[in-house]
Structures are given as C-alpha cells and as structure tokens.
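Asks: Chains as they are written, first to last, in the numbering used here: chain D, 1 to 424; chain B, 1001 to 1273.
What the hints contain is simulated information worked out from the structure, not anything from laboratory work.
For each residue, glycine too, the CB sits at the ideal point set by N, CA and C.
Hints may be right or wrong, so weigh each one.
[As the list claims (entries may be wrong)] Looking from chain D toward chain B, a few residues come up when the C-beta cut is under 8 angstroms (computed): (1) Cys64; (2) Ser68; (3) Asn147; (4) His159; (5) Arg162; (6) Lys173; (7) Val195; (8) Phe198; (9) Arg199.
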Amino acid sequence: MKVAGTIEVHHLTRVEGHGNIRIRVKDGRLREARWEVVETPRFFEALLRGKRYDVAPWITGRICGICSIGHTLASIRAVENAFGFDPPEQTRNLRLLLKHAETLQSHVLHLYFLAAPDFLGVGSVFPLIETHPDAVRRAARLKLLANDLCDLVGGRRMHPTRTVVGGFTLLPKKRELAGFRERLIAALPDLSATVDLFRSFPVPDFSRETEFVSLLGDGGYPFIGGRLVSSDGVIRPESGYLEMTNERVVAHSTAKWCRLSRESFAVGPLARVNNNFSFLLPEAKVLAESLGLSPVRHNPFLAHAARLAECLHVTLESVALIDGLLSTDFGEPRRTVTPREGKGVAAVEVPRGILYHAYEFDRDGRIVMADCVIPTGQNHGNIQADLESLAREMAAEGKQDAEIERLAQMLVRAYDPCISCSVH
Amino acid sequence: MAAGGTKSWLGAPLLRPRVAFFELTSCGGCQLQVLNHEGTLLDFLSLVEVTDFREAMTERSHEYDIAFVEGCVSRSDEVARLRQIRRNARTLVALGSCACFGGVPRMKNRFPDPGLLAREIYGEYPMATETVRALDEIVPVDLKVHGCPFPKEELEKVVLHIALGKAIETPRHPICFECKANGNVCLFDLGELCLGPVTRGGCSAWCPGNRFGCWGCRGPADDANLDSLRAIAKEHGFSGEDLADRLECFGGFTPREAPEPSPRRKSRKRGTR
Ligand code: SF4
Ligand code: SF4
Ligand code: SF4
C-alpha cells in the first residue's frame, strides 16, 4: 500500500473513448492532477464542408453511437432553423418522445453498466450477472424498453433512419404507440427498484462550487431548443451559443475546452436539474429531493441522483406525449423544406448535457461552415478542476493511493464522459 | 491455455471462445451494438468469455482467441496497437464499416494534407493525425462484419459460427434483392435516391424498410454496377454530385491506396491463409 506516489490510469475503463488520469502526490500534498483526453480526432466539421444539407444529420449521428439520436435531432434542428422551417406539433412531439427514449436508455446504461460496478466493488457488470441477477435483468428490461421505443419512433435504436429534415419518413402505428404506453407504465416498479439500489450506495462527500449551464425551461423541463442559461446568471438566445461556450484548445487534450464566467463550467443531468428543478414533474421533484438533490447542489456525484430523477421524468412525460399523439389524427409525416442561404443553430439537451450544432449554407443548401460543441467537451475543464480539488483534499487527509485512484475514477465516470464524441 | 467452461448449444458441446473488444478511431457504436440487444445479451455472454471490453469493464487480459476491432486507423499509435492485437489474436474480426473501409472518417482523405487540417481546427496545438485506413490496409483481417451499424444478429451469428468452426458466408447480392423480397415500395418511385442497387446485402434493407434511401454503409456488393446506378439516378433527376456525396459517405466505394506489406505474425496463429 502506497501513501505517497503516482497514480496513473491509462485509458480509463467504463467510459466511452480514451482518456487518462494522472495524479502525483508527495508528503500529503498534491503535486499534479490531470485529466488527459487522448482520443483520435475525426474532423467532422471539415468532413461536412461542401456536402448537401441532408448529409449533416446522417453523418453527425456518427459522432457518437451512444447519443446518435441526440446528434441527429440537433443537426436536423440546426438545418431547419437555417431554412426558416418550424416543425408542426406532431413532429415536435414525436421528436421529443424519441429524445426521451434515448435519455432513458443512456441513463440506464450509465447507472447499471458504468456506475453501479464501482459501488458494488466489481470491475464490470459481468460479475453482477452471478451476484445480482435481478438487478442485471432489471437493467436489461429497462434498456430494452427504451431501445424498442427508439426503434419504433426513429426506425433504429442507433443511427436512426426515420428522422429527416422536415419530419419523419414514416410514422409509428397508433396501436404500437398504445402498446408502449402500457410498457412504460409497467416499467415504473423497475424504476423504483433502481432508485432503491442507488439509495443504498453512499454518495461520496465532495463539493466544489461550480457554474452550471443548460437550456432554460419555458413552461416545461427543456430538451429541444430554447434559451441558454447559466447558474451564474448568464442568459443567451440559442443562436448565441458561442458566447456560452468559448472553446479553446489546450496542450494535453485532443478535445477543445470551454469556459464562461469562471475557469470552467459543468453541463449534464446535474446542471439541468440545478437550473430547471421547478420544471421537473412533481414525482421527479420529490424523487430528486429524497436523494439529497435540492438545488443548487455542487457535489458532482449527485449526477446519479439527477439521472434517476430524469429517468422518472422522461418516462412519465413519454406516457403523456403518447396520450396526446393517440388523441389526435396523424397528419402527414414530413413536410417539404426549401434550402436557402443562411445560418442555423440548435441547442439540444442530450444525456450528457447541452449539445450545439451550427451550420452555414450556400444558396443550394450545401454546407459552407459546420460547428458542433459537445457536452463532454464543455465538461472537460470542469472534470479537471474537480479532479484537482478532490485529489488535493484526499491527499491532505492522508488517503491511500488506491482510495484516491478509486474515487478519482468514480468522479470522472460520474460525468459519464463520452470522449470520442468530445473529440469528433 | 485454459479455454473457459464448456457450454452446449443445441446439444453440441461448445468451447467458450475468449473474445476481446477494441476500438480505434470510431464512434463507439459498434461496441454498443453488442450491449444493445438486451433480449439476447445474457445468452450471448454465456457463449463466450469476454476478456477485454474497455467500454464495459475494468478487468483486462491479453489472452483472447477472437479480437473484435471497431474503428479505423488514423494515427501511428493505432498502427502499433492494431499490430499487437493481430499478434495476440487467433482470429481478427473487423467490426463495422470504420474497421472494414475506414467508414465515415475516411471522408477526411479527400483533404490531401491531414496536418493542415489539424492545424486549421486545433490552431497552435495541432493534433497528430494521418490518412484514414481500414484495418486490412495494415494487417491481415480474417473476417469483416460490414455495416454502420450492423444488425446485432449478424454479430451473434459470427461468434456462434467461429465457436462451432463453421464457415461464414458474407452476402454477395445487393440490398435491392432483400428490399424486393420484403415487398417494399422502391424509393426511386417515391422520388428518393437509394444505393440499394450497388450495396452489399445482409441488413435486410434496413433503411429502405424505413422509407429512407440506402447510403451504402455496407460497401459494394460483388459485381456492383456503378454505371447502371448512375444511369438510374440520372433518369430520376439526381445530380452526379448528390450521388457522389452518398457513395463517399462510408468509405466502401472509395478507392484505396496500396496496402502496406503485412507484418509477420507470431506462432499462435496456424497458417490458415
Ligand atoms: S461503423 Fe458506424 S457504428 Fe461502427 S464505429 Fe464506425 S461510425 Fe460507429
Ligand atoms: S428502394 Fe432501394 S433497395 Fe429497394 S428496390 Fe429500390 S433501389 Fe433497391
Ligand atoms: S440499407 Fe444501406 S445504409 Fe441502410 S443499413 Fe443497409 S447497407 Fe447500410
């Protein structure tokens, strides 16, 4: 057991993409703590140059397999904003339903497959198949439900096929939607059992004052479009995303970093709940509070509580969305959108935080400029600041290397970083 | 070399192959596709012994029979990693279109100087990047699972067949074949562009089945007739540029540079090629 030494985690596991943690402690003092992003960049913004507008949603989904639906929807919204197209209510509701299904599947994946093993003292979900078969089966059921709903609305659970500029290529059958209403309601006991499981895990005691950035609710808990807000009081229109992100390149990372009022800020479920608590459905509010999340809270490990509250919120709201869709006659699935010269920006809350897509088009609807700002990219600076602060506190308390390493990894995972996405 | 426990499948004893998953330059989606079919995931996991899956687990081992590699190669450290994986693995499977053809990232190759691109996007700290290559432009690949993404059933079949030592057939026919068998209305008749006539089948016409034209993610079918597709597209009023955008999308239709000479592999591999 070493007390003073070097902690190196090369290619952190149970996160998407490649990142390293490096911590050096000497005589109870932190010398260095670093979150390094070493993922290979793919240059999506350049890949899109010169391509027709309909290539953007299809290709940018490939930025990330985990949140491909979120990318696709953000891309479509940016294109539609540029062309001055306002989707009708039916399209908006179906997109939100699809978005909710992705949020549910991503949060369940994170909670059970990526986060829970840390609290249960194992390296992955695989040993839990033997030791906690009920929990693993429950995770599989919830994920299956969410993924099946993605299939129904988006055509496919990953890299969706029905979502296009102007609407959908095909609409779900009402009978099938009604089936999902029943399945969502039947899943509520599984959600409460998930909450019980996480309630039994101790939340590490660590806080660092943080600026939180998200969409600003306007009558509801926000997911697709709207104004941008920070907990330090900055408010900007959707099109003003650049003033919200201030991306910069740093030497030890292949992802760009962001800042706003302070050196760093956080986006994601905790930021959303902190900034928009009043818009959560009452049941989700009660749940958040019962897990110690009454805003504004600055403990990054409360992100798990925020995910649980959002799981309940999106499940209940999906039922309401389906009820609304079932009570009206379906209109046409898709409208014609006419390309024009111009710029469009979209802000969408994806599982890991606020995502921006922005494009500029020429007269023929071909892309002149593309820009995507990814949630994890916005979080990198904050992960770094948290990591330093956590390691410093633990070193001062004389904690063992192994313990520092364990909590440092849990901290990074609490952000659910999607590293390939942030590098793109 | 312990080979894990013995299971049986349809009454026949199975040796659980040790499988490992790796990712190079990619979106992570192909690996996610492995975790994504909850209904059969647990059965699937009982068929194999997973020894390395960084996206899902912390335990790691360099002992494996089958390596599934997702993603393309776009940096020199990835070349070294891929060669090491090739040395360790009995069977190397290219998982998904990035690994098979370079995938979406291959579009980068239309810019002649990757260094310039890196400086343009990253300014004063340009990141290392190289021309995008598929796995088999660097090491020999035993099997390719095409698609961006592939249907999960396809992967399960591949693992099962490797475990049983059965030959794996890659479909040779184009998507149209499957699309017509499924009774879909042809998208060209609905005014949409579709690469079904030239793209390798095996996805059961996934996109046309959702009324969305095929973008060729599985690469060219055997004997793909591009000239005939160009004629059909023109006849339906699509420009050559629109068609080129699609053909370029996943790297399968893009001409390759000369592959590097393949490295010598170590003993564990018995000469099957
Ligand atoms: S083939 Fe497609 S799904 Fe697979 S890693 Fe590449 S981009 Fe992602
Ligand atoms: S829709 Fe596409 S795949 Fe189907 S028949 Fe027409 S061209 Fe072929
Ligand atoms: S239809 Fe075409 S683009 Fe769609 S999955 Fe099949 S091969 Fe890929």
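Asks: Each hint should be assessed against the structure and marked as holding or not.
Replies: Verification of the hints:
no., hint, result
1, Cys64, "5 angstroms, holds"
2, Ser68, "7 angstroms, holds"
3, Asn147, "6 angstroms, holds"
4, His159, "6 angstroms, holds"
5, Arg162, "5 angstroms, holds"
6, Lys173, "13 angstroms, violated"
7, Val195, "20 angstroms, violated"
8, Phe198, "19 angstroms, violated"
9, Arg199, "24 angstroms, violated"
Checked against the numbered hints given earlier, the structure breaks hints 6, 7, 8, 9 and satisfies all the rest.
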